[in-house]
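Start from the sequences and build out the full structure, keeping to the hints where you can.
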Amino acid sequence: MLSFIIRRLGIAIPTLLILVIFSFSMMHLAPGGPFTSERPLPPQVLANIEAKYGLDQPVYVQMGNYIWGIVTEFDFGPSFRFKDRTVNDVIAQGFPVTLTYGFWSFVVAVGVGVTLGAAAAIYHNSWLDYLAVGISIGAQVLPNFVMAPILVLTLTLWLGLLPGGGWNGGQWQYLIMPVIALSTSYMASIARITRSSMLEVLNSNFIRTARAKGLSNSRIIIKHALKPTMLPVISYLGPAFVGMVTGSVVIDLYFSTGGIGQMFVNSALSRDYSVMMGITILMGSLVIIFNMIVDILYAWIDPKIRL
Amino acid sequence: MSMVPNTDRIKRMADNLASMEPVKGRSLWQDAMHRFLQNKAAVTSVIVLTLVVLFSLIGPYFAVWTNEEIDWSRIGKAAELGAPSIANGHFFGIDNLGRDLYSRVIQGTQVSLMVGLIGAGIAVIVGTLYGATAGYFGGRVDSVMMRLVDILMSIPYMFVLILLLVVFGRSLQMLFVGIGLISWLDMSRIVRGQTLSIKNKEFVEAAVATGVPSFTIIVRHIVPNLMGVVVVYATLLVPGMIITESFISFLGLGVQEPNTSWGALISEGAGTIAYGTIWQLLVPLFFFVITLFSFFFIGDGLRDALDPKDR
Numbered sequence: 001m002l003s004f005i006i007r008r009l010g011i012a013i014p015t016l017l018i019l020v021i022f023s024f025s026m027m028h029l030a031p032g033g034p035f036t037s038e039r040p041l042p043p044q045v046l047a048n049i050e051a052k053y054g055l056d057q058p059v060y061v062q063m064g065n066y067i068w069g070i071v072t073e074f075d076f077g078p079s080f081r082f083k084d085r086t087v088n089d090v091i092a093q094g095f096p097v098t099l100t101y102g103f104w105s106f107v108v109a110v111g112v113g114v115t116l117g118a119a120a121a122i123y124h125n126s127w128l129d130y131l132a133v134g135i136s137i138g139a140q141v142l143p144n145f146v147m148a149p150i151l152v153l154t155l156t157l158w159l160g161l162l163p164g165g166g167w168n169g170g171q172w173q174y175l176i177m178p179v180i181a182l183s184t185s186y187m188a189s190i191a192r193i194t195r196s197s198m199l200e201v202l203n204s205n206f207i208r209t210a211r212a213k214g215l216s217n218s219r220i221i222i223k224h225a226l227k228p229t230m231l232p233v234i235s236y237l238g239p240a241f242v243g244m245v246t247g248s249v250v251i252d253l254y255f256s257t258g259g260i261g262q263m264f265v266n267s268a269l270s271r272d273y274s275v276m277m278g279i280t281i282l283m284g285s286l287v288i289i290f291n292m293i294v295d296i297l298y299a300w301i302d303p304k305i306r307l
Numbered sequence: 001m002s003m004v005p006n007t008d009r010i011k012r013m014a015d016n017l018a019s020m021e022p023v024k025g026r027s028l029w030q031d032a033m034h035r036f037l038q039n040k041a042a043v044t045s046v047i048v049l050t051l052v053v054l055f056s057l058i059g060p061y062f063a064v065w066t067n068e069e070i071d072w073s074r075i076g077k078a079a080e081l082g083a084p085s086i087a088n089g090h091f092f093g094i095d096n097l098g099r100d101l102y103s104r105v106i107q108g109t110q111v112s113l114m115v116g117l118i119g120a121g122i123a124v125i126v127g128t129l130y131g132a133t134a135g136y137f138g139g140r141v142d143s144v145m146m147r148l149v150d151i152l153m154s155i156p157y158m159f160v161l162i163l164l165l166v167v168f169g170r171s172l173q174m175l176f177v178g179i180g181l182i183s184w185l186d187m188s189r190i191v192r193g194q195t196l197s198i199k200n201k202e203f204v205e206a207a208v209a210t211g212v213p214s215f216t217i218i219v220r221h222i223v224p225n226l227m228g229v230v231v232v233y234a235t236l237l238v239p240g241m242i243i244t245e246s247f248i249s250f251l252g253l254g255v256q257e258p259n260t261s262w263g264a265l266i267s268e269g270a271g272t273i274a275y276g277t278i279w280q281l282l283v284p285l286f287f288f289v290i291t292l293f294s295f296f297f298i299g300d301g302l303r304d305a306l307d308p309k310d311r
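These protein sequence lines map, in sequence, to chains E and R. Take 1 as the starting number for the first sequence in the working numbering and just add one per residue. Take 1 as the starting number for the second sequence in the working numbering and just add one per residue.
Since the hints were derived computationally from the structure, they do not count as laboratory data. Every value quoted in this text rests on a predicted model; they were computed, and no experiment measured them. It is possible that part of the hints are untrue.
Here chain E is said to cover these stretches of chain R; the calculated rule only asks that three of the stretch's residues, wherever they fall, bring their Cβ under 8 Å from a Cβ of chain E [unchecked claim]:
#1 39-47
#2 142-156
#3 241-254
#4 274-288
#5 291-299
To spell it out: a stretch of chain E is covered by chain R in this simulated footprint if at least three of its residues, at any positions, have a beta carbon under 8 Å from a beta carbon of chain R; those stretches are [said to hold, decoys possible]:
#6 13-21
#7 24-30
#8 152-161
#9 241-250
#10 261-272
#11 281-289
By construction, the Cβ of each residue, glycine as well, lies at the ideal position given by its N, Cα and C atoms.
Right, here's the structure in full:
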């Protein structure tokens, strides 16, 4: 197990490095430096400022300093556009919001998805099964940027039940629509995967043996069928997490929740490269770390993988 | 009862055999075609998709207004005067700037379909060759090539794609490059897996024995046998590409005015639902949804048709 974790780290660390190097070189390819403005600064002043921020050093030294700053002090450097704040300020402001509704979306997607899929498989060919299949087919064409306006249209404009946007400290009324919009398509995929996996497990020999032993239905499902059913679901969690991290950009933008995605789009539109880079690296590391945990979890459940 | 067999019956049988047509063999693809045509959802989807494509090609000839013309008599009064109507030539109503939504939707349909097809096209070419090469050579080449794919896949590409678009300018060409860069990863994995099982077949061995160079074996012998999987997966990739492009355009970072796409139109419509101009959201959404549905059903139908044991 330990050697598997070490091997897995051997993938995660180079991936992170590639991400950082890529983002950093993109930023250097971009036209214009952080201090180019319409009114050119006197050369001496510009040189002093660049010396202060270390911009007069060669690119690899700058990159090394940048990585060192992130690793040792979790410092993503200053913002290019707004001199009065750092990338850390931006992240500290937006990240808790994203984390809150992201966490709930993930819980809803996995919880509802697994329950729905398992129920559909257990009551195969019943109305519940058809409902689950119908939902999972329909939700394929309802990505978050389609769900969000539809939800606002029905729940806010027609029914007047929920506020159409904003965050308000994360009150539950403001949380519902972002969570539904973000989780629906992943919930549907998880339900579909759980259903087909559960069907396969329920038709296998060891379940037949358990039935022949006279175990109760609920005991068979909870003790014997659930664990092998979860394997394909777990391997889908990684892509689902990436999708949700990406989808949070749409949620933030459409519901004006003030999360990190809104900051990302705003900095993209105002070409605030350092904020973009910081958010890309932060989100990238989150995804990479999450994928690693999922892989380790998978190997722990299914010992065959470790070989 | 005579010992002589019934010559009459034998003769009739011989005649029958002589006049019988040779049994027609059915190729793998004919078989698949037959199975595909049995699938009602898939056939309906082909019809719907054909109609959408025809709409985007022939539609402009029926347009009363062009996509750039502004209807000055209705601008600013979209909610009262801009609803879809046959009489004033705005079949799908007008958008928020007084432009004809019918023409805008045609334009968006063309762009979105093109993005989907080109993205999937790049994925097919690059992914197939990359995956087949990795799978065919195996060993160290394979592990290095596939490790690279693993690394690229675990990066949240949407952020990187947006970074690319911002640095190199937000244009349609850049969008194609960005989508092309990531679209082939999944394809290469699937193709590699298939190649591993094909490369040990006798016909490949025969080719190796007769001295055919590796690259020719990959292109002439491996790739044609992968076509089934590639076709299925390419059909499922097109909607994926359309969703990616729409996602970026929804954020306002994709195609730029005066060009448009489904994502950009949905974004515009979603921004104005509070003003009672709901058709601005529903019309592009309708086209988006039916097209994606069609591609998914066709993909499923092709999978069932080409790989019957996997049902």
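Going through the hints against the structure:
1. 39-47: violated (count 0)
2. 142-156: Answer holds; 6 residues pass the 8 Å Cβ test.
3. 241-254: holds (count 7)
4. 274-288: As far as the stretch 274-288 of chain R goes, the hint holds, because 5 residues have Cβ atoms under 8 Å from chain E.
5. 291-299: holds (count 3)
6. 13-21: holds (count 4)
7. 24-30: It holds: at least three residues are needed, and the stretch 24-30 of chain E offers 4 whose Cβ sits within less than 8 Å of chain R.
8. 152-161: holds (count 3)
9. 241-250: holds (count 5)
10. 261-272: Per the Cβ count (5), the hint holds.
11. 281-289: It holds: at least three residues are needed, and the stretch 281-289 of chain E offers 4 whose Cβ sits within less than 8 Å of chain R.
Hint compliance for this structure: hint 1 is the single one not met.
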